[in-house]
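J.: Residues per chain are reported as follows:
Protein chains: 2
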Amino acid sequence: MYIGIDLGGTNIAAGLVDDNGNILKKRSTPTRAERSFEEIVKDMADSAESLIRDAGVERSEIKAVGVGSPGAIDHSNGVVINAGNLGWKDAPLKFELEKLTGISVSVENDANAAAYGEYVKHGGEIKDFIFITLGTGIGGGIIIDGKIYRGFNGAGAEVGHNTLIYGGDMCSCGKRGCWEVYGSVTGLINQTCDAIDKNPGSLMAKYRCERGVVDGRTAFDAAKAGDYAAKAVVKQYLEYVADGICSLVNIFEPEVLLIGGGISKEGEYLLAPIREYCEANYFCKTICQTRLGIAKLGNDAGIIGAALSAKI
Amino acid sequence: MYIGIDLGGTNIAAGLVDDNGNILKKRSTPTRAERSFEEIVKDMADSAESLIRDAGVERSEIKAVGVGSPGAIDHSNGVVINAGNLGWKDAPLKFELEKLTGISVSVENDANAAAYGEYVKHGGEIKDFIFITLGTGIGGGIIIDGKIYRGFNGAGAEVGHNTLIYGGDMCSCGKRGCWEVYGSVTGLINQTCDAIDKNPGSLMAKYRCERGVVDGRTAFDAAKAGDYAAKAVVKQYLEYVADGICSLVNIFEPEVLLIGGGISKEGEYLLAPIREYCEANYFCKTICQTRLGIAKLGNDAGIIGAALSAKI
Numbered sequence: 380m381y382i383g384i385d386l387g388g389t390n391i392a393a394g395l396v397d398d399n400g401n402i403l404k405k406r407s408t409p410t411r412a413e414r415s416f417e418e419i420v421k422d423m424a425d426s427a428e429s430l431i432r433d434a435g436v437e438r439s440e441i442k443a444v445g446v447g448s449p450g451a452i453d454h455s456n457g458v459v460i461n462a463g464n465l466g467w468k469d470a471p472l473k474f475e476l477e478k479l480t481g482i483s484v485s486v487e488n489d490a491n492a493a494a495y496g497e498y499v500k501h502g503g504e505i506k507d508f509i510f511i512t513l514g515t516g517i518g519g520g521i522i523i524d525g526k527i528y529r530g531f532n533g534a535g536a537e538v539g540h541n542t543l544i545y546g547g548d549m550c551s552c553g554k555r556g557c558w559e560v561y562g563s564v565t566g567l568i569n570q571t572c573d574a575i576d577k578n579p580g581s582l583m584a585k586y587r588c589e590r591g592v593v594d595g596r597t598a599f600d601a602a603k604a605g606d607y608a609a610k611a612v613v614k615q616y617l618e619y620v621a622d623g624i625c626s627l628v629n630i631f632e633p634e635v636l637l638i639g640g641g642i643s644k645e646g647e648y649l650l651a652p653i654r655e656y657c658e659a660n661y662f663c664k665t666i667c668q669t670r671l672g673i674a675k676l677g678n679d680a681g682i683i684g685a686a687l688s689a690k691i
Numbered sequence: 380m381y382i383g384i385d386l387g388g389t390n391i392a393a394g395l396v397d398d399n400g401n402i403l404k405k406r407s408t409p410t411r412a413e414r415s416f417e418e419i420v421k422d423m424a425d426s427a428e429s430l431i432r433d434a435g436v437e438r439s440e441i442k443a444v445g446v447g448s449p450g451a452i453d454h455s456n457g458v459v460i461n462a463g464n465l466g467w468k469d470a471p472l473k474f475e476l477e478k479l480t481g482i483s484v485s486v487e488n489d490a491n492a493a494a495y496g497e498y499v500k501h502g503g504e505i506k507d508f509i510f511i512t513l514g515t516g517i518g519g520g521i522i523i524d525g526k527i528y529r530g531f532n533g534a535g536a537e538v539g540h541n542t543l544i545y546g547g548d549m550c551s552c553g554k555r556g557c558w559e560v561y562g563s564v565t566g567l568i569n570q571t572c573d574a575i576d577k578n579p580g581s582l583m584a585k586y587r588c589e590r591g592v593v594d595g596r597t598a599f600d601a602a603k604a605g606d607y608a609a610k611a612v613v614k615q616y617l618e619y620v621a622d623g624i625c626s627l628v629n630i631f632e633p634e635v636l637l638i639g640g641g642i643s644k645e646g647e648y649l650l651a652p653i654r655e656y657c658e659a660n661y662f663c664k665t666i667c668q669t670r671l672g673i674a675k676l677g678n679d680a681g682i683i684g685a686a687l688s689a690k691i
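Those protein sequences? They're chains U and G, same order as listed.
For reference, each letter of the first sequence is one residue, going 380 to 691 in our numbering.
For reference, each letter of the second sequence is one residue, going 380 to 691 in our numbering.
Hints listed in this document are in silico derivations from the structure and should not be mistaken for laboratory results.
Beta carbons are placed, not taken as given, at the ideal position from N, Cα and C, and that holds for glycine.
Treat the hints loosely; a few may be bogus.
[What the hints assert, rightly or not] Across the chosen pairs, the derived CB separations fall in these ranges:
#1 646(U) / 455(G): 31 to 37 Å
#2 481(G) / 455(U): 23 to 29 Å
#3 603(U) / 503(G): 50 to 56 Å
#4 503(G) / 668(U): 54 to 60 Å
#5 579(U) / 585(G): 54 to 60 Å
#6 390(U) / 672(G): 39 to 45 Å
#7 432(G) / 672(U): 51 to 57 Å
#8 678(U) / 607(G): 54 to 60 Å
#9 614(U) / 553(G): 18 to 24 Å
#10 553(U) / 417(G): 54 to 60 Å
Excised from the complex, chain U in its bound form (with noise of 0.2 Å):
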């Protein structure tokens, strides 16, 4: 049995998982990030600890904790070298997790630890596999030969910072035309916000007035009961997403790309068309055997894969 942390800005999600990726208990707490890094481990050593208590379970039991933090990670060592949301800089979270809790960690890049959660639970068998998330940015998770893949310092795998549109609009991370501007979530809101503005008839315009916001449903919810701004909307914004997924199939050729993120809950209305754009636009149109579908396990994924990845 693991333990499985997924460390977020906002929440600190742990959970009790059995050795094929089930979880068996959850729990979650506010991560309060403006707190210290002291502050932030100690409640994530007592979730480890509610875990134990409530599953009753014995403390032998438990064979590893993994974590999932957002960043760059130093693998081997369980540092956080770098973590902007957190303010975090070469924090030695395994080590501090360790002396707290007495058992042993593992600290993975909380996409990388989805992504091998995804893909664990995918059936595990195959060799070349990417994961993204379409999110308030693009995260992205790549397993090579079964293995995450995390770039020579733990600063890659960053698929969302693949340029889509040269000298485009500005990204956060300070390059233009970052895939994850037009591909995230983010994204389609600015868009569906953008024709909202030039369609003030739209159906997308009566949704924001009824709902009070606009989401990344707003548009999706318009195109499906016909609005034709929306649809246009729609068509644009997958095919930011397809371009970015091809150009990734063009470079991985991966066994299987699976897309997550609250997004993909669109199933085959967001998958199929963006399978059509793929199949019309890879480099090798007729050799290409990259299997696209949608992820499983929804906001689980960081937890199972964490846990997961502690086992490796």
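Position chain G against the provided structure of chain U, taking the given hints into account.
T.: The following block gives chain G in isolation, referenced to the frame of chain U:
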């Protein structure tokens, strides 16, 4: 000792290569790609026989023949799945060449083979390594954990077909805006021609008249001689190249990325602005430790890499 064969659309370049990747003897014969598969393979076998005879080595000293072939390759079976410029589809290269030579044959994609050659000659102790060639297109090879990365079905590592400008100029692959449209030498020549049209008084126009041609050196030579229009061409071209490299480093963070192709002879004049752009634009600016450099083997990379990849 190995024989390495770099099969190109123009020439079949072959070499006798020692275990350390040194070429002991080499020869070249025109491919005449319009000929049948059998005729071309016969010439490859003859090249190997000539090398053995001319070098006065025993057949038994040749451990294997490695071939770098264009196209998508089924490495396990030594089949060229699809090589457009040779007109080959599912061509059983390993089988035919083994039949003719009686020596074990290994077939690798040509860009992968060249990358592997550069990798081994760079020291071979690097874990993750990327090699790109700026030529007619942009070729690339990816070494992960010391092994050539091929993708699920031999269709990976097509880094030239990573999008740089979504919806941009049409690429020969059928997708718009691929990196190689802007960052290849073909792209540079197009950009130089455009600049000459707009600046008929520039040194570039003078060089075109004198040399009777616009090539990859035209803008570089004129820029070095102080021509402002040429400096602008070179600056923009190198930014296209750099942005594509930046994307690859955001995805892979390899330990080393080398740039090859004829234009890489420009050395630091090419590399310094690329390095500067990348360091300012990497996602993990303070963390990323990828070393950018110029490839060393020139045209021999294909022969050496093909030979050495037969070794593994």
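J.: All hints are to be evaluated individually against the structure, with a verdict given for each.
T.: Now the hints, each set against the structure:
no. : hint                        : result
1   : 646(U) / 455(G): 31 to 37 Å : 35 Å, holds
2   : 481(G) / 455(U): 23 to 29 Å : 47 Å, violated
3   : 603(U) / 503(G): 50 to 56 Å : 55 Å, holds
4   : 503(G) / 668(U): 54 to 60 Å : 31 Å, violated
5   : 579(U) / 585(G): 54 to 60 Å : 57 Å, holds
6   : 390(U) / 672(G): 39 to 45 Å : 43 Å, holds
7   : 432(G) / 672(U): 51 to 57 Å : 55 Å, holds
8   : 678(U) / 607(G): 54 to 60 Å : 56 Å, holds
9   : 614(U) / 553(G): 18 to 24 Å : 20 Å, holds
10  : 553(U) / 417(G): 54 to 60 Å : 56 Å, holds
Consistency with the previously given hints fails for numbers 2 and 4, ordered from lowest to highest.
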